[in-house]
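K.L.:
Read off the chains here:
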Amino acid sequence: MPEPLLKVNMLDAYYGDFQALFGVSVDIAAGEVVAIIGANGAGKSTLLKSIAGLMAARPEAILFDNEPIGGLPAFAVAARGIALVPEGRGLFPSLSVEENLEIGGQLRRPGPWTIARVYELFPVLAERRHAASTSLSGGQQQMVAIGRALMANPRLLLCDEISLGLAPIVVRDIYACLPAILAEGTSLVIVEQDIVQALKVAQRVYCLQEGRVALAGAAAGLTREAITSAYFGI
Amino acid sequence: MIDWINVIIQGVLVGGLYAMFAAGLSLIFGIMRLVNIAHGDLIVLAAYLALVVTQTLGLNPLWSLAIVVPAMALLGYALQWFVLNRTLGDDLLPPLLVTFGLSVIIQNGLQELFSADPQKLQAGTIEIASVQLVEGIWIGLLPLIQFALAVAIIGGLQAIFYRTALGRAFRATADNPAVAQLMGLDNRHVFALAMALSLAVVAVAGVLLAVRANFDPTIGPARLIFGFEAVIIGGLGSLWGTLIGGVVLGVAQAVGAHLDPGWQILAGHLVFLGLLAVRPQGLFPKVRE
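Chains as they are written, first to last, in the numbering used here: chain A, 1 to 234; chain B, 1 to 289.
Derived from the structure by calculation, the hints contain no laboratory data. Quick reminder that beta carbons are idealized off the backbone N, C-alpha and C, glycines included.
Here are some, though not all, of the chain B residues that point toward chain A, as calculated from beta-carbon distances under 10 Å:
id	residue
1	A172
2	L185
3	D186
4	H189
Just a sample of chain B residues kept apart from chain A, beta carbon distances all over 10 Å, derived:
id	residue
5	R33
6	W81
7	L193
8	I219
9	V271
Sample of chain A residues with no beta-carbon within 12 Å of chain B, all distances over it, derived:
id	residue
10	G23
11	R58
12	P59
13	L121
14	V124
15	G165
16	V170
17	L182
18	Q193
19	T228
So that you can see chain B by itself, here it is in the shape it has in the complex (with noise of 0.2 Å):
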């Protein structure tokens, strides 16, 4: 029993890691219709950023954020302003295809670069550090920080959707973009900052992943699948729901893995099909606040 417990804590706490997957996912695609199939490399991008980072100026994995953050918002910046705002139309294939070329150049580039070994970040005494919640139940400290920065996260990026400047435009830019326009805003220039938050957000989930875990060049889609599932499992357009998808993800992924180490991924995948069956809207579809 004690043992299942902890099987779906650990599901939990993984599946915050998922939703910030998903967050970034679903924020471009909310705002612009745009697919971005390259975000599963660029989390994969952001944690080789972070490795060189922590190597050269000896950095705490979680202290290099400081930097990998920024970084990567300016990245995406500069992507949509040159490259990605020329994809977008009536059409959505021109941004999945260009998106998909940006995929291969990234993991390609990475294997070049850093070989196909895999790498990992180092965060010190801190990986295995834990706490105990009720006895015999132990959470591991890292775990439970990536959880809780994911939902601060979540609950950040709520706060800016729904309270601030940078939100209404998002969110009216999303709604009719000629429109918004003659408000005087400029599409290039709000989706250019849609995609900067996009990235600060994978930033953030590229490193935690890479704290916890190995990663090469290659695992990028993958990321991108669970992202894809966090999103449609919450239901799109409900960033709370996608906190949701993400912990639904994860803890499927959990038991799976607890009655058999090769089920893990696909104990997931099923979770998602059977509730795409069931449910295809989304635990949570998007009401209106």
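So here's chain A without its partners, still in its complex pose (with noise of 0.2 Å):
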């Protein structure tokens, strides 16, 4: 197996005094998408925001192209090429849509992803581009964090939670998206509770428990029983 692109090796996370992670390991490929499932506060959010340098981590904890970026601020992160689509999608209310994907390019970091990339990919937010973006429906908003985050051309693009609150319909919708950001060369890592549309885009699952890897393999090979298993620790 080549270099993982992104390898988290024992990471332990804290919110206060309070434990939120304990030694998890996760190694993701170039090109691979990987699932994180588990249950509510299972530690799912908090690896994602360890990751994009959101939370205090040792260096050596998170390696990014074979080189520690554990604790460095999440601004010095995203310049590395790691996005993140944050839960509850995190959009600016004061920005339109245009100008929500416009500050997430402010980078410049080179690549295939342009404001008329985005539109491309999701119609309907060229037509609301002057729109305040907390105007938009929860789907199109979703849309906006997704397209932002795009603009920032990342290397790894970690999605938290994005079918959280939407109808099934719009997270059918969404996830006919991820195939053109793959198709960019783009790591990705989903976030999900809804176990069934992770499986069916990932290549393979971490499931997190209590802040531990309970289960972890390809995607395929996982039995409902074992995920069962591993999602509920029963």
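Two chains, two separate frames, one set of hints: put the complex together.
P.N.:
Printed below as a string of structure tokens:
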């Protein structure tokens, strides 16, 4: 197996005195799609926030391209090519749709994604480009959040619960855009509570349980029983 | 009648100055929820800086802006980077206490260096030049320049905020500092740029204040109050509202002073309190563009 693009090695994470992650190790290869599943509070979002630089971490606990990035500030991590679509989308309400996309690309990392390409991927956003980002429907807002992350031309895209609070048909639309993103060689980590959706797109799966990796393996090789027991700890 | 029109015009023109006091204040509060208690003293500091520049270089005060504005902007960047960024967090109290301390330090430092004697910047003949608007109504050239500068500065800030990448970064960081970092924005740098911009406006306000009237090291806190009042009257978050707020305050003070010279400040405060009671959100609360 080639050197992974991202290597999380024995990562611990804390909120004050509360430890949220216990020695979590995760590998992601270039061009790979990895799903991270688990119940509420299992530490999925914490893992993504740690990778993106929003949590304190040992430098060597997170290697990107063989370089330690653990604990780097988020803006420095972003500059290296890791983009996070945060849970709850986190759009900027004072910015229009187009401005949200522009600010996603303000690092000017070279790559295939431009505003025009994002509008091609999500045509509905082109029609609403001057609207306040908060006036959009939930699904459209999620498209802005994904488009904004793509504007950074990331090598690794982290998606935190992109299906949360959306109607199933909208979730299907959102997931339909993933092949176009992967076609550009971007690696993808999706955090989901919706296991079915996650298993459909991912090559490999990690299941977190109470801050630890309870199960890891190829998506195709996991039995429903194994997932259930890793998910609920029974 | 002519008399009253004159009074109101004077009030409007002074209001431009108050709007300048206010603009820098609301900029900082809007972007990083920092209430800068030292804002008024920084205005006075800029006035003293202009005093030194004009005396050592023999420049006209208005030309001294070319030095005072960049110097204050640099000071603002450094102040934010080295001091105020460390005070920002979930708690509003630390920045309040630190800027309060800064206010004390600036006031006493200026007293030590320049004594408590009142000073004034001499702008020469332009100070007494005036233009006749209509029969019987004369407007001082200097107050007019001052007001024009205030309008230009508010317009400039508005353009920076809504038309530039810097303004976009300001708004994004104000909305959600954590997510702004994910976009590659270094909050510390964005905040320092905001403070630099705020103190650049402060510099203009300080010089104009010093040309208009006597100043001494202790007048800062009152300018802070005028700035606060203009922001609140105009409505938080609206730059043009701030200009109107400054004008309302200026007119109220001018009318008060005309009725009785002792009522100038009181009249301003009363109008402010009245508006706060009737319309606490201000005249032009933030509306989305």
